[in-house]
Amino acid sequence: MRNRYARVMMATASLGLAVATVSGQGPAYRAPRTTDGKPNLNGIWQAINTAHWDIEAHSAAPGVLNEQLGAAYSIPGGHGVVEGELPYRPEALAKKTENFTNRLKLDPEIKCYLPGVPRAMYMPYPFQIMQNPKHVMMFHEFAGAVRTIYMDKADQIEAPADSWMGWSHGRWDGETLVIDTKGYLDTTWFDRAGNHHSDVLHTVERITPRSADTLLYEVTVDDPKVFTRPWKMSMPLYRRVERNPELVEYRCIEFAEDAVYGHLRKPGTK
Amino acid sequence: MARRFLVSLGVLAALIAVSPLGIVPAAAQAPAAAAKPNGTPARAYVVPKTPDGQPDLSGFWTNSTYIPLQRPNGVTKEFYTPEEMDKLEQAAKAREDEQTVPGTQQDVHYDDGQFGLARSQGKFARNLRTGLIVDPPDGRIPPQTEEGKKRNAAIAAARKVGTPPPGFTLRDLTGGDLDSHRGIKIDTRCIMMAAVPPPLMSPGYLPNYQIIQSPGYVTILVERLHDARIIPLDGRPFPSENVRSWVGVSRGRWEGNTLVVETRNSNGRVQAAERGLMAGQPISGGSPDMTITERFTRVSPDRIDYRFTVDDPKTWTKPFTAEVPFERMDPQGPFFEHACHEGNYSISIMLNNARLAERKAAEAIKKGSN
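Here the protein sequences line up with chains G and C, keeping their order. Residues 150 to 419, numbered by my numbering, are exactly what the first sequence covers, in order. Residues 3 to 372, numbered by my numbering, are exactly what the second sequence covers, in order.
Same shape as in the complex, but just chain C (with noise of 0.2 Å):
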């Protein structure tokens, strides 16, 4: 009997994944076992355990989605229906495999369908939600406090927005300039990226983890960047507030069969999306004393549920809680050496085109002057 329960439920989840309509056949839906609206099955699992007895989620797991991190302006209901989420997705698909115009720079760069890595193209976990946080109720994030607001005023005010070059214009510059590397985005530099510091929620692409368990630590790998974070379950202190990081400092607890993971002694500077700005980061503006607590369930055999709180008194006025699930990826893995600032010819070409561009300027002013 519960054998027969797993395996439709199986079906049904495989079925609510691949179907593009979202249609379940009637024959494979059976009421006491359908999933919640988020994709959380509804029947228990018993977690397997690794050698070292903690509840395993070792493997390779995705966080793709389409679901931004606040409610849509304009939308109050809290799950949109199976129908309507077809549509968003196969929208979302849409605008993914529209043929680019050519000569375009999204024709020659930002065509991630091309490499496979558009998100229409790998599985993701089945959500209904409007939105990923789900607190406050109203899925927003809450307002600033007086300090946050001041503290984010002064940066957006100091962050220079330079000249662009002859031939460039800002658009192009994204915000930044080109007179040196320090004008360009920080993901472009390949010094750190959306998705890979906590808390983890789905980038473009390359949404993909690696979760590593040995005794007394989980280690979630991320192939962005290779970034490793390695989380110690024994309970030792945070370090000093003097040595903080790119993607803070993790300390691991299990609590029955959920990871809570809290991290702190951030180096603010993702939050800050200084003069650098970081593509894809939903959550800026946060102070490097920020609290973020993660929880992390296996629900499935091929699912965790993975749920994040934000807790920062100096910039809002309450915590604020978002859960983005995570899939079994298929296969699984490997994953590939993500040796970015190795391979980054992106930066010398814009710099040298950069300066290229402003020699052949001074020359026309210098032939125009004779």
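Extracted from the complex, chain G is given alone in its bound form (with noise of 0.2 Å):
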């Protein structure tokens, strides 16, 4: 008796090991649910790392208008959110070495257009996840970007139009938010470096709580146009935690109106 409940109790824990090693966490951390039975991902959430510059690994580097900006403007160094090097098509590659030697006039950023996805997750803003049983939305602060994912199967359409956030469907597997996205038009980067992507962009983003105040943020980005293979970032997103933390209207249009427009003013006119 005692030596198969022994058994039995050995069986569960070298399975819970398994899982463990499988997910390379250690014990997973399960998180507190919402009402209808979901880990609950709702506050108030923000990447720290230099992936908005670059998303490859990189030395720190002059920023742009040095006689004025110097070092406060500079490019920090960072290890990179990619597993390895982008596997660039040829071509795709050249695109972005041109990219990147004209970001000034073609960085969407500059001109305040929505910052697409995956970029929208770790440019160094806030952004809050609201979270029902039909839609886990995501409300950025820059440009006030917003995505909605849909969760109940009845909304999950095909895209009926291509957009900057894409379309996506969501859906639960175990710990995991998994949100697939699709719809994406090809006028997005992936950062400041001039890294982009077609608009058969096909994005797989799974969002895992590790901890009460930390996600795991891992995305599966698929664009056979662009890319040898499909590829894999990942990062840790961390809640605010600050009482009361709150978005701050950041709506940059007219920040960026001289950029995109100020080459058609009357000349002499500011």
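Any given hint could be a false lead.
Stated by the list, open to error - Calculated pairs, DMTMM-like style, for lysine to aspartate or glutamate (alpha carbon to alpha carbon, straight line, at most 20 Å):
hint: 1; chain 1: C; residue 1: 38; chain 2: C; residue 2: 91
hint: 2; chain 1: C; residue 1: 125; chain 2: C; residue 2: 304
hint: 3; chain 1: C; residue 1: 89; chain 2: C; residue 2: 100
hint: 4; chain 1: C; residue 1: 151; chain 2: C; residue 2: 264
hint: 5; chain 1: G; residue 1: 302; chain 2: G; residue 2: 335
hint: 6; chain 1: G; residue 1: 283; chain 2: G; residue 2: 322
hint: 7; chain 1: G; residue 1: 187; chain 2: C; residue 2: 54
hint: 8; chain 1: G; residue 1: 415; chain 2: C; residue 2: 365
hint: 9; chain 1: G; residue 1: 283; chain 2: C; residue 2: 148
hint: 10; chain 1: C; residue 1: 320; chain 2: C; residue 2: 58
hint: 11; chain 1: G; residue 1: 254; chain 2: C; residue 2: 344
hint: 12; chain 1: G; residue 1: 244; chain 2: G; residue 2: 407
hint: 13; chain 1: G; residue 1: 283; chain 2: C; residue 2: 54
hint: 14; chain 1: G; residue 1: 302; chain 2: G; residue 2: 185
hint: 15; chain 1: G; residue 1: 374; chain 2: G; residue 2: 329
hint: 16; chain 1: G; residue 1: 260; chain 2: G; residue 2: 335
hint: 17; chain 1: G; residue 1: 245; chain 2: G; residue 2: 256
hint: 18; chain 1: G; residue 1: 260; chain 2: G; residue 2: 403
hint: 19; chain 1: C; residue 1: 125; chain 2: C; residue 2: 325
hint: 20; chain 1: G; residue 1: 283; chain 2: C; residue 2: 58
hint: 21; chain 1: G; residue 1: 260; chain 2: C; residue 2: 344
hint: 22; chain 1: G; residue 1: 374; chain 2: G; residue 2: 311
hint: 23; chain 1: C; residue 1: 187; chain 2: G; residue 2: 371
hint: 24; chain 1: G; residue 1: 419; chain 2: C; residue 2: 264
hint: 25; chain 1: G; residue 1: 244; chain 2: G; residue 2: 348
hint: 26; chain 1: G; residue 1: 254; chain 2: G; residue 2: 407
hint: 27; chain 1: C; residue 1: 187; chain 2: G; residue 2: 185
hint: 28; chain 1: C; residue 1: 320; chain 2: C; residue 2: 264
hint: 29; chain 1: C; residue 1: 152; chain 2: C; residue 2: 291
hint: 30; chain 1: C; residue 1: 51; chain 2: G; residue 2: 301
hint: 31; chain 1: G; residue 1: 374; chain 2: G; residue 2: 391
hint: 32; chain 1: C; residue 1: 51; chain 2: G; residue 2: 185
hint: 33; chain 1: G; residue 1: 302; chain 2: C; residue 2: 332
hint: 34; chain 1: C; residue 1: 187; chain 2: G; residue 2: 407
hint: 35; chain 1: G; residue 1: 331; chain 2: G; residue 2: 301
hint: 36; chain 1: G; residue 1: 381; chain 2: G; residue 2: 367
hint: 37; chain 1: G; residue 1: 415; chain 2: C; residue 2: 360
hint: 38; chain 1: C; residue 1: 316; chain 2: C; residue 2: 137
Don't read these hints as lab results, they were simulated from the structure.
With the hints in hand, could you dock these two chains into one complex?
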């Protein structure tokens, strides 16, 4: 009797160990639940890394307007959030280089354009996740970008039109929110370094609570027009834990208009 | 018994909403269940709850209406008869259906009906009010204070009316100029639009709102400009007066089944209707320190009664209150991404054409003097 009990306990323990080993995280964290029994992702979150500068590993580098801005607006180094190097097709790599060279003219962030996905998730500004059984909403400070993730199968239709933030279907896989997104325009970048994609971009994101105040955020990027194979990025996301955290309106169009329309002003006009 | 009441009420409401003549067959009339003149159902409604226990306001709603904010000049009564309202709605629909004259600006740009955006092409809540203002009882915005008059006179004087480029009229520019993007209206620049900031009065088109509820929050997502007004319900204080925004900062609380939302911390630019004028904003001239209080009550499966009070002692001698009913949208979404600024070709086209016209005029002068 006792032997069988011991054997059952051993089996259970090793199963638990096996699960922990597979996930590579130690014992899995179980997040508090929403009223409909799902891991609770509600809150304000923010990435802390240099992915918004360059998702690949990079050294520190000078910025622009060095005489005026100096070190304050130079580029910090980072270990990268991509597994390995980005597997660009040769012509797509040439385009990336061209993007970087002309980034002051071409980076959509400068124009206050919607940042797209996954860039919105690791821009250095907070975003708020709001969760109910039908939708997981993400509200980003920058440009007031909004992501709607449709959780109800009845709403999981094909994207009726392409968009900057894509069309997202969500489902739960245990502790993980899986977000499948298509219907992207090709107009967004992955970062300020000119890393880019086409309109057949397909992302699968996995958001897994790893502690009370952190999430593990993983993205698989699939774009056969630009890359030779799918590739993956991952990073933690950190909860904003100050008292009464709240997004502040960041309506940046006015800050970008001189960059977008300045060349069309009447000569001699401010 | 109760079920039949609800069914006949639904039929009544459906007939009023759909029938252009507002004729209600006698068989469907139940005097005890007749809606109020503003369309609020007479029968009390048991509001379902969200999973976290809030009265359920969630879903896609429209506040489309033909009713102006203020009671029109010459109208003294508070409500039209159903027949009078039908005539007004039919006249409005006829104007929208009118074939625009080919080659005119109206024809090229403003034929909303071509895109299914005309009011008559969508749902709207039945309401016999002559104007949206319910208080003061005369249905008009109260007089301005001396301070308000002074401030607004100074703003009007400072508003620069530029010299239009050759071939353009001031009317084309609707009050601004084309020296740079700064002379163009704020809504044309996609910075802010009517019906986005509170109070939520119906714009000419795209009067679509999604209410999203989650624990401790109500969020109003406006399809226009994909604007998300996130309203915490935890009683936290307003931020410092140095943190201001175009739509202000909102704080909400439930009073029974009514969501009460107070908004402050406006940056005052919408109210000032500055050089970048914004179309369709009937409440202009207010100060940045105005407080707007909104009340949302679900009164039926298909209707939210919405009231707002504008309190701005620096501008108006007393507060005023208006009501704008919200009707459930059908179908229930989805919303499309309104990437307004991203797709805004109009600014570049207008400025480019202005520069071209100036160059052509300069060349003509040069040729003439040769």
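Hints, one by one, checked against the model:
no., hint, result
1, C:38 <-> C:91, "holds, 19 Å"
2, C:125 <-> C:304, "holds, 11 Å"
3, C:89 <-> C:100, "holds, 16 Å"
4, C:151 <-> C:264, "violated, 25 Å"
5, G:302 <-> G:335, "violated, 27 Å"
6, G:283 <-> G:322, "holds, 16 Å"
7, G:187 <-> C:54, "holds, 13 Å"
8, G:415 <-> C:365, "holds, 16 Å"
9, G:283 <-> C:148, "violated, 51 Å"
10, C:320 <-> C:58, "violated, 33 Å"
11, G:254 <-> C:344, "holds, 15 Å"
12, G:244 <-> G:407, "violated, 26 Å"
13, G:283 <-> C:54, "holds, 14 Å"
14, G:302 <-> G:185, "holds, 16 Å"
15, G:374 <-> G:329, "holds, 19 Å"
16, G:260 <-> G:335, "holds, 16 Å"
17, G:245 <-> G:256, "holds, 11 Å"
18, G:260 <-> G:403, "holds, 10 Å"
19, C:125 <-> C:325, "holds, 17 Å"
20, G:283 <-> C:58, "holds, 13 Å"
21, G:260 <-> C:344, "holds, 9 Å"
22, G:374 <-> G:311, "holds, 17 Å"
23, C:187 <-> G:371, "violated, 41 Å"
24, G:419 <-> C:264, "violated, 38 Å"
25, G:244 <-> G:348, "holds, 15 Å"
26, G:254 <-> G:407, "holds, 12 Å"
27, C:187 <-> G:185, "violated, 46 Å"
28, C:320 <-> C:264, "holds, 17 Å"
29, C:152 <-> C:291, "holds, 16 Å"
30, C:51 <-> G:301, "holds, 19 Å"
31, G:374 <-> G:391, "violated, 43 Å"
32, C:51 <-> G:185, "holds, 13 Å"
33, G:302 <-> C:332, "holds, 19 Å"
34, C:187 <-> G:407, "holds, 16 Å"
35, G:331 <-> G:301, "holds, 17 Å"
36, G:381 <-> G:367, "holds, 7 Å"
37, G:415 <-> C:360, "holds, 9 Å"
38, C:316 <-> C:137, "holds, 19 Å"
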